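Trainee: Residue numbers (our numbering), protein chains in the order written: chain U, 1 to 331; chain D, 1 to 675.
If you're looking for bench data, these hints aren't it; they were derived computationally from the structure. One or more hints might be untrue.
Covered by chain U, per the in silico footprint, the following chain D stretches (three or more residues, Cβ under 8 Å) [claimed, not checked]:
#1 585-597
#2 628-639
A few chain U positions that, by computed beta-carbon distances, are all more than 10 Å from chain D [as the list claims (entries may be wrong)]:
#3 SER59
#4 LEU230
#5 ASN263
#6 GLU267
#7 VAL301
Heads up, simulated BS3-like pairs for lysine-lysine below, C-alpha to C-alpha not over 25 Å straight-line [said to hold, decoys possible]:
#8 LYS611/D to LYS211/U
#9 LYS622/D to LYS211/U
#10 LYS28/U to LYS54/U
Being a predicted model, the structure only gives us computed values, none of them experimental. Beta carbons are placed, not taken as given, at the ideal position from N, Cα and C, and that holds for glycine.
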Amino acid sequence: MTKKGKLANYWAASCGGCEIAVLGINEKILDVANAFDIVLWPVAVDAKIHSIEKMEDKSIDLCLFNGAIRTSEQEYMARLLRAKSKVMVAFGSCAHEGCIPGLANVTNREEIFQTAYHDTPSTDNPEGIRPQTETEVDEGMLYLPVFYDTVKTLGQTIEVDYYLPGCPPEPERIWDSIFAKLEGKLPAPGSVIGAETTVCDDCPRTREEKKITEFKRTWEIIPDPETCLLEQGLVCCGIATRAGCGALCPTVGSPCIGCYGPNEGVEDFGARMMTALASVIDSEDPEEIDRIIHEGIPDPVGTFYRFSLAASQLRRSTLAADGDGEAAASA
Amino acid sequence: MTEKVGVYICHCGSNIAGVVDVEEVAKWAGENLEGVAVSREYKFMCSSLGQELIEDDIKNEGLTRVVVAACSPHLHERTFRRACANAGLNPYLCHMASIREQVSWVVEDNEVATEKAKAMIAGAVNRVQLHEELEPSLVPVNPNTLVVGGGIAGIQASLELADAGYPVYLVEREPSIGGHMAQFDKTFPTLDCAACILTPKMSDVGAHPNINLLSYSEVEEVSGYVGNFSVRIKKKAKYVDEELCTGCGICIEKCPKKVIDDVFEAGMGYRKSIYRPFPQAVPNIPVIDTVSCTYFETGKCKACEIFCPTEAIDFEQQDSYLDIDVGNIILATGYDLFDCKTIPQYGYGRLANVFTSLEFERMCNASGPTEGKIVLRDGVTEPESVAIIHCVGSRDENYNRYCSAICCMSSLKFGHLVVEKTDAEVFSCYIDMRTNQKGYEEFYERLLEEGMNFVRGKVAEVTDAFRLPGEEGKLIVQVEDTLLGIQRRIPVDMVILMAALEPRADAREVGLQFGIACSMEGWFTERHPKLDPVATMTDGIFIAGAAQGPKDIPAVVAQGAAAAARVQGMITKGTVEIEPVVATITEEMCSGCRICNTLCPFNAIEYLEDKEVSYINTALCKGCGTCVAACPAQAISGAHYSNEQIFAEIEGLLYDVISGNGAKAPQVEQEPVPA
């Protein structure tokens with residue numbers, strides 16, 4: 001290899017697992033190090049943002065960006081890295097679909113601050129202090145990022161070249177995406193790395209016609225090892241989730257929770273899950289159906305939109321990104 | 001978009017134009033909607049002049065898409081598709097916006113209606129530009145027909161088809177055809193003997209070279225589609241060899257075991273363990289009821305075998321299966337009677353002399369258990385007074401809301417038979433008298449003259465608890481006489497309950513098996529209640545008789561003949577067009593999760609075990625979209641209802657909301673935060 005490329009990893013609103021997950025490719029990380037100078041990787045490499053700012057546009061060959069966009073600082077970094085990178089990959093579920101941070105979209109900044117800085121039992125804040133974006137101290141002005149009302153995906157914030165789903169992505173797929181860049185075989189812009197079918201395709205369990213009389217929580221039963229988990233009443237999202245993980249969870253008896261996101265072409269993961277499950281509830285009696293749903297699925301948003309709320313059709317479009325919910329509501 | 005869309009707005013006389021400002025809408029569509037090349041309004045688009053307008057524009061203006069804003073597509077979609085086809089445009093490139101049913105008939109404010117019509121048209125214009133050319137496919141029609149149910153409806157249908165020269169398989173669950181009609185004595189209003197008019201038809205069926213009569217048989221499996229059904233029929237073991245049996249009846253005579261006949265005799269009479277339901281049974285081959293047969297119970301007896309002159313008895317016989325191919329299927333599965341025990345206050349099953357209508361039919365029948373004598377449950381005493389209670393289980397929100405249609409006339413018939421055969425006084429307790437067919441009202445008048453007493457009121461109770469003089473030893477009918485405005489207690493010797501007609505207990509399963517729908521009550525649903533009464537939403541499956549809803553014999557016979565005529569039309573034409581608006585599964589995207597497998601109301605989805613994917617038989621698919629919506633992987637797409645088409649339509653409908661803000665949340669510029 002004549003000239004080394006440049007690789008950046010970055011995290012925004014995420015748990016950090018995606019950063020670590022890159023190491024899941026094991027010894028192949030040495031190939032990565034051979035091929036790239038790593039210019040940014042907060043969890044592993046010391047680098048400064050102002051040095052990135054000084055770089056020429058499009059001078060980074062590949063940026064693996066994980067995390068959703070929830071603050072102005074994260075948005076700034078997303079835009080900065082977009083400008084500096086040739087290829088921008090939304091890495092992992094948070095960047096892809098909003099993931100767990102995106103579930104905050106059922107509420108807003110005011111309610112989150114109220115809970116975090118006032119209501120939780122462990123909070124001791126008699127003066128009711130809340131974080132401010134600007135605070136004047138003797139030494140000058142201190143800045144904090146703006147906390148947005150709405151969590152957005154990376155794709156809703158900047159142009160993304162391709163998506164690598166998963167919470168976190170599986171090492172094979174991570175290698176695929178890096179290797180694709182190395183080989184110059186990039187997928188079509190906007191595409192998602194993974195299969196065009198769902199987890200059931202990789203799942204070894206036997207499947208029959210489905211008729212569900214009761215939904216069960218995972219702690220309620222020890223599932224039979226052979227048959228489809230959904231047929232046993234566990235809400236397994238494998239039916240709607242893009243294949244690519246190798247059906248790891250259902251194989252070991254834990255229902256798929258949908259971290260790889262929807263299949264190709266699907267607009268809304270949760271809607272797909274709900275119409276599918278609604279179709280196979282085995283009752284004609286509206287009251288019984290109501291009971292089956294309410295008792296078995298106490299948290300529909302958390303069940304069906306665990307990973308995709310920010311990217312779903314339930315996303316709000318009127319609440320302004322800067323967190324000024326009031327102004328938008330009156331608009 | 002490179003399509004040239006023609007928009008045609010129908011006045012529908014004043015139906016639409018009286019509410020919607022059609023001139024304004026036409027002008028607006030022409031000026032504002034992208035892709036619209038021509039926008040016109042016309043008094044009646046469905047008239048030949050209206051259709052020519054479209055055809056001329058397609059030819060002269062080079063239209064590539066057509067939107068007709070008029071009535072519901074249920075009414076005239078075919079008309080406008082044909083107009084497009086006449087001008088050389090694929091008919092599926094035409095779309096209708098329903099601005100009558102969904103706008104002018106339901107929106108009161110003219111201005112609002114005009115705005116809504118614009119939105120509907122904007123949606124249609126958006127959508128039609130994404131339409132694809134679709135071609136129907138042609139399949140041949142097998143000339144064989146399966147008729148399910150050997151009552152009078154099935155008999156009529158079978159004979160019509162067989163007489164026209166087409167092969168018929170007639171499947172009957174019981175050992176003989178004839179159905180309920182064979183149990184009756186007289187038929188209203190002419191008082192013909194039911195057997196006298198029915199049995200000739202039954203023997204015609206038995207002897208017809210074009211009819212393969214499969215009695216004591218049931219349909220096990222149905223697959224395929226219009227013109228090409230495959231059916232598996234289970235022939236239940238009769239333990240009598242049909243080839244060898246001559247129907248002499250010696251076995252029945254010699255059989256030592258007598259049991260109550262709950263089916264044909266409605267529990268009023270007896271039959272042997274080897275039996276045929278009635279003397280004129282077709283076929284006249286008896287069957288052995290293994291539940292009561294001494295040989296099957298104890299391993300001993302074999303009286304029938306010993307006496308059979310042709311060695312036709314075969315205790316080793318097994319159920320057998322017959323696979324047949326047919327082009328069309330007529331379901332004439334009839335009805336069940338309401339179980340009168342469900343209404344305890346009427347005393348049936350508790351008070352001996354409370355009879356059901358079917359029990360009374362059997363009693364009146366000359367070949368029935370009492371040889372036609374009207375007597376109390378003791379078998380000898382002639383009643384001095386009889387009360388007939390109407391609407392038992394019908395027109396009652398606790399049981400069935402519907403009217404069973406035949407009971408008023410049956411009651412009159414019963415009244416006449418009581419008057420004719422006994423000296424008893426007859427009371428009819430009715431809610432309303434419904435005698436609305438040819439000759440029926442005259443029959444009602446005849447009974448009024450014959451002295452039948454009519455009490456207008458719903459019976460509260462039948463009891464044997466006497467308290468007034470003359471009530472002891474009688475059944476007392478407690479009823480409000482609403483014409484006199486008084487409560488009456490009518491002491492009688494005999495009570496007849498006019499039981500409701502109900503859908504067969506297994507009607508829903510049968511419906512599912514054949515891929516047709518049932519109403520809320522369980523009656524088979526016709527394609528159109530007025531204009532297509534014997535077809536169903538599944539092509540090639542027809543319905544006839546009481547399986548579709550309560551009706552009397554003339555109506556049942558008419559439906560049997562009508563269904564046969566529809567089938568003949570299909571056979572004569574020889575081929576059938578399969579609608580191309582169907583769902584298809586993209587095999588690569590299907591993970592074989594099998595969510596869709598049980599959903600298809602037309603049984604069009606099968607699971608391919610070898611490929612581990614689901615598959616839609618497009619000939620069976622009606623394009624309803626159930627599976628398209630349910631597929632969690634979005635591996636199923638519905639032609640003519642693609643996501644793109646639907647979203648385009650929605651965006652069109654919301655044109656006034658979307659235009660202006662660009663449908664997307666405004667991007668708020670963020671101050672860069674110092675790093």
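Trainee: Could you run down the list of hints and mark each one as holding or not?
Mentor: Evaluation of the provided hints:
1. 585-597: holds (count 10)
2. 628-639: holds (count 7)
3. SER59: 18 Å, holds
4. LEU230: 8 Å, violated
5. ASN263: 4 Å, violated
6. GLU267: 7 Å, violated
7. VAL301: 17 Å, holds
8. LYS611/D to LYS211/U: Judged against 25 Å, a Cα distance of about 22 Å means the pair holds.
9. LYS622/D to LYS211/U: The hint holds at about 23 Å.
10. LYS28/U to LYS54/U: 30 Å, violated
Of the numbered hints stated above, those contradicted by the structure are hints 4, 5, 6, 10, listed in ascending order.
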